[in-house]
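A.B. asks: Given next are the chains, with one letter for each unit.
Number of protein chains: 2
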Amino acid sequence: MKAQSQTSDVVATISRSKASGKSALRAWLRLWACVGSVERVVRTRLYSDHGMTLPRFDYLSQLYREPDRRMNMTELSRRLMVSGGNVTGLTDRLVADGLVKREQDSSDRRVQIIVLTDDGYERFIQVAREHEKWIGELFEDLSPDQMRVLNQTLGQLKQSLEEKLNEQQEA
Amino acid sequence: MKAQSQTSDVVATISRSKASGKSALRAWLRLWACVGSVERVVRTRLYSDHGMTLPRFDYLSQLYREPDRRMNMTELSRRLMVSGGNVTGLTDRLVADGLVKREQDSSDRRVQIIVLTDDGYERFIQVAREHEKWIGELFEDLSPDQMRVLNQTLGQLKQSLEEKLNEQQEA
Chain C
1 MKAQSQTSDV VATISRSKAS GKSALRAWLR LWACVGSVER VVRTRLYSDH
51 GMTLPRFDYL SQLYREPDRR MNMTELSRRL MVSGGNVTGL TDRLVADGLV
101 KREQDSSDRR VQIIVLTDDG YERFIQVARE HEKWIGELFE DLSPDQMRVL
151 NQTLGQLKQS LEEKLNEQQE A
Chain H
1 MKAQSQTSDV VATISRSKAS GKSALRAWLR LWACVGSVER VVRTRLYSDH
51 GMTLPRFDYL SQLYREPDRR MNMTELSRRL MVSGGNVTGL TDRLVADGLV
101 KREQDSSDRR VQIIVLTDDG YERFIQVARE HEKWIGELFE DLSPDQMRVL
151 NQTLGQLKQS LEEKLNEQQE A
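As given, the protein sequences belong to chains C and H, one line each in that order.
Here UniProt numbering is used: position 63 in the first sequence is 63, and no number is missing along the way.
Here UniProt numbering is used: position 130 in the second sequence is 130, and no number is missing along the way.
You can take every hint at face value.
Note that identical chains are pooled: a pair holds if it fits in a single copy or bridges any two copies.
DMTMM-like cross-link-like pairs, simulated, lysine to aspartate or glutamate; straight-line CA separation at most 20 Å:
1. 101 <-> 75
2. 158 <-> 39
3. 22 <-> 140
4. 158 <-> 141
5. 133 <-> 58
6. 101 <-> 118
7. 164 <-> 132
8. 158 <-> 170
9. 22 <-> 145
10. 22 <-> 132
11. 22 <-> 58
12. 22 <-> 141
13. 133 <-> 122
14. 133 <-> 162
Since the hints were derived computationally from the structure, they do not count as laboratory data.
Here the structure is a predicted model, which means the values were calculated and not measured.
Given these sequences and hints, build the entire structure.
C.D. replies: Set out below in C-alpha cells:
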C-alpha cells in the first residue's frame, strides 16, 4: 500500500508539475503577445504623433525617473539592454537635438555621465502624458479589480524574476 | 445643485480615469519588465544549453504550431515582426542546417512556402521541452490560483488588444 501510495504521489506530482508548466507556458506566450501588441501601438503613435522613436523615448524615460535626471553611461546602456554602440549613436543624436548633454564624473574623469537637459525634460513630459493616455486606453477593457490583481501578481512576478536573475549571475 | 453635482461627477470621472491611467501605466511597466527578464533567461539558456538563438527558436516554433508545419514567407515574416531581410538570412541558415526547406506554392509560383523538416521538428521538440521547463521554473513562485487569474486576465487583454489593433489598421 505504501509503495502504491508513493507511486500515486509521484504520478500526481508529475502531472501537477506538467499542468503548472503548461499553465506557465500559456501565461508566458500571452504576456509576450500583449507586450508585442502594446509596443506596436506605442511605437506607431510615438512616431506619427510626436516624431519620436521608441528607443529615444525609453532613453529619456530612464533619465527622467532619476531624482537628479542623470545617470552614468554604463548603467544607462545596461538598462536599455542594447549594445554600447547603439546607445552611443542615440546619445549623439539626442545631444545634437539638445535633449541630453554629456558630462564627466568629477571623481573619475573616465566615467561619462548623461544628463537630461531642461528642454529634454519638457519634451519628455509632453510625450509621456500622451503615452500614459494611450496605455490607459489599451488597458481600458480590464475592470479596476482586474487591474489591481494584475498589478499585484506582476509586481510579485517581477520581484521573483529579478531575484532569480541575480542568483543566476552570482552562480 | 444639479450643476454642482454634474461638476462633482466630472471631477470624479477625471480622477477615476487618472487613477486608472496610473494603474495601467504601472501594469504596462511591470509587464514589460517581466517579459524583459524572462527573455534574458531564455536567450541565455537557449544559447548555452542548445547553441540556439532566440530568433531561430521563434522561427521554428511558428512552423511547429501549424497543423501541416508549413507557412508562406510573407505570413512568417509578419509574425516574426522582423524585416524581410533578416528572415531571409535566418531562412538561409536554417535551410543549410536542414531544419527547414523552401517550397513553391503549387497554385502561385511567386509565393514561397517554408516547411519544417523532420529533423527540424525533432530538434524543436527537444529544445521546446527544456524551454517549457525553464518557463515553469521562472513562474514557480506564483500560486495555481494566481496563475489561473493571470491567464484569464492576460487572455482577455490579448484579445482586446488584437481587436484594437485591427480597428486601428482598418481606420
